[in-house]
Structure formats: C-alpha cells, structure tokens
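Construct the entire structure; sequences and hints are all you get.
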Amino acid sequence: NAGVTQTPKFQVLKTGQSMTLQCAQDMNHNSMYWYRQDPGMGLRLIYYSASEGTTDKGEVPNGYNVSRLNKREFSLRLESAAPSQTSVYFCASIRQGLAGELFFGEGSRLTVL
Amino acid sequence: AQSVTQLGSHVSVSEGALVLLRCNYSSSVPPYLFWYVQYPNQGLQLLLKYTSAATLVKGINGFEAEFKKSETSFHLTKPSAHMSDAAEYFCAVRPTGTASKLTFGTGTRLQVTL
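Each protein sequence line maps, in turn, to chains Y and H.
Just so you know, our numbering puts 1 at position 1 of the first sequence, and the rest follows in order with no gaps.
Just so you know, our numbering puts 1054 at position 54 of the second sequence, and the rest follows in order with no gaps.
Worth flagging that the hints you see were computed from the coordinates, not collected in a lab.
Among these hints, one or two may not hold up.
[Unchecked claim] To give a feel for the contact side, a few chain H residues facing chain Y, derived at Cβ under 8 Å:
1) H1010
2) F1034
3) G1043
4) K1049
5) F1090
Don't be surprised by glycine CBs; every beta carbon is placed ideally from N, CA and C.
Here you go:
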C-alpha cells in the first residue's frame, strides 16, 4: 500500500502566486488533515476533514483553503502565497476509531520568495 | 482545550545511555496520548500510544512510556540509546470522545554520540 501520498514534494513560489498541494490516501480512512511544520513550533493544524463532504478550520487556517474531493483526496490551496507560508506541509489521515493514530505523508517543502 | 509541553528542544546522550524525553499534557478530559518519531526528510511515524488500558505502554524500537495521571506526564524512555535513534520526537494529545484536534508538542531533537 502507498499509504498517504503528497505532491509535489518540493515547490518554490513567488509572493502572490497560487498553488495547490495534493494529498491522497488509499487506506479508506474517513478523516484527513493538513499540518504545517516550522522549526521550534512543532506541527500546527491548518484544516481537517472529519469525513467526506466536511471541512473545518484548525489552529492556523488564514491564507489557506481546502477541498475534500472524495474520500481519498484532500487538497490544500494557497491563493496568494506569502513568505510566512514557507514551511513543510504534511497531510495525514486517521485510522478508524477514536484511539486511532495519524498516518502521515512524507511532506511537501514549500518556499515562498 | 488541550496542550502539550515537551521539556528540552535538544537532548544529547551517549550511545548505550538511557534516553528520557519529557512530555507533560493538559487536557480537560481524559486524553489519548501519542509519541511520534520523525527521521530527517521524512514524515512522522507512530512510536506508541496510550488509550487508557495499561499505564506502561511499549512501542517500537525498544521505546516505552508511562502515563502518570497525578503528574500529567507521559515521558518517553529507552534503556540503551542507539545511533539510529537520532531523530526528532513529538508528543501529542487528543481528548477522548473526538477524532479530531490532535495537538502536538514542539518536539525534542535527540542526538546520540559515540
């Protein structure tokens, strides 16, 4: 199984450009998440989707939008990129059950100049 | 609301020495607790989790953690460090009763020296 797959793995943008990070999971998980990781700040939740058709804001949603396209796919869009959005982005999905753990993709490293 | 505090952003131990990474949590309801490890340029993978069964939890690669309610702690230990344990470790908390809102600590980078 591929698990959680993110694309692209690396991207360089100029300020004001837009882009979409793609995420797909093949584990039939209901819930999916987008986190950003910055040095010294751990992982912070941007948006999550508890189930197909629903999305909710996390801790740091400003400047981002998401789409839960179907059960497998959850995309993150930056409409007008800013240098403060330079980060490593992780998609994750959760195994069934309240005690389920997150399964992570390998990350997407985004640099905004 | 829940939160996690990891004491020490960097910990250095000698190969063969005890590893102790500290995690204290705050949660308004009984929590689920997790430890994740991140190797360079990779995603996070689960080391172990506490789900209110046994208070001493054993994970992969010889790691274990003990849930202490009175101290609101979930420290990660390994009796003997190996060079391959060098990585960043994250503690995370989620209240029981919800599948969302997993909150991570800021991480501890473990260095293992010869």
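Here's how the hints hold up against the structure:
no., hint, verdict
1, H1010, "violated, 11 Å"
2, F1034, "holds, 6 Å"
3, G1043, "holds, 4 Å"
4, K1049, "holds, 6 Å"
5, F1090, "holds, 6 Å"
Hint violations for this structure: number 1 only, all remaining hints satisfied.
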